[in-house]
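In this text, residue positions in the sequence shown follow the numbering used here: the first is 399, and each later residue adds one.
No lab work stands behind these hints, which were simulated from the structure alone. One should not assume that every hint holds.
As the list claims (entries may be wrong) - Okay, the calculated beta carbon distance ranges per label pair:
1) GLN488 with PHE579: 38 to 48 Å
2) LEU422 with ASP589: 17 to 27 Å
3) SER507 with ARG443: 35 to 45 Å
Please read all numbers here as calculations on a predicted model, not as lab measurements. Glycine included, each C-beta is placed from N, C-alpha and C at the ideal position.
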Amino acid sequence: MRTVLACALIIMCVVPTWSQAIELQPSVEQIATALERGRAAAVTRTPPVELYSWFGPPREPANEFRPRGFLMTKLSGLAVLSAHFALRAQQPNEQEVRRIVDDMYLQVSVTLYGDRRDFAQNTFVMLVQGDRKIMPVRIRADETADRTSAWPKSPAYRAKVVASFTYGDFDPLAKTQLSVFPRTGGELSFDLDFAAIP
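Based on the provided sequences and hints, a complete structural model is requested.
Pasting the structure below:
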């Protein structure tokens, strides 16, 4: 039995791991790759926020007032951290890297548009995987929305809503629907393929 366990451990350590889903426990190689991705982005002056896994319409003038957002996974968080440090000619220390790797929550950030400064308050967010509904541990929204360039016309305000989901509550390989329910009514939904997100 010990021989089988030893062989399994050797295989797990020697065989490279391939990332094809949201990584719950990134390997040393995946962490190094994410940190390098951040350093490379700093060299090309790519804004760190662009390193997150974005969803919704592409960022272009025609979509200026359409809701969109991003997922803050462990690997994208490491890339963003590394980029911020690299822009200051620094590197994150082991404790800062460990804080992200040990994080228990997937953060989902959505930018919404409305016509009142407080429109985003009490917005509800959930993930749907098949017939399973995954509720967030917490949701926070901007108390006061920022004015858009359309102000005072509609949509006059922009706000961010961030939901935190426990990694163990959802399937990191599943096709997922993100459902957003603004206080003003209605539902926005985004189709996410977790298997394609690092």
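Run the structure past the numbered hints and jot down the numbers of the failing ones, going up. Checked against the structure, the only hint that fails is number 3, while the rest are satisfied.
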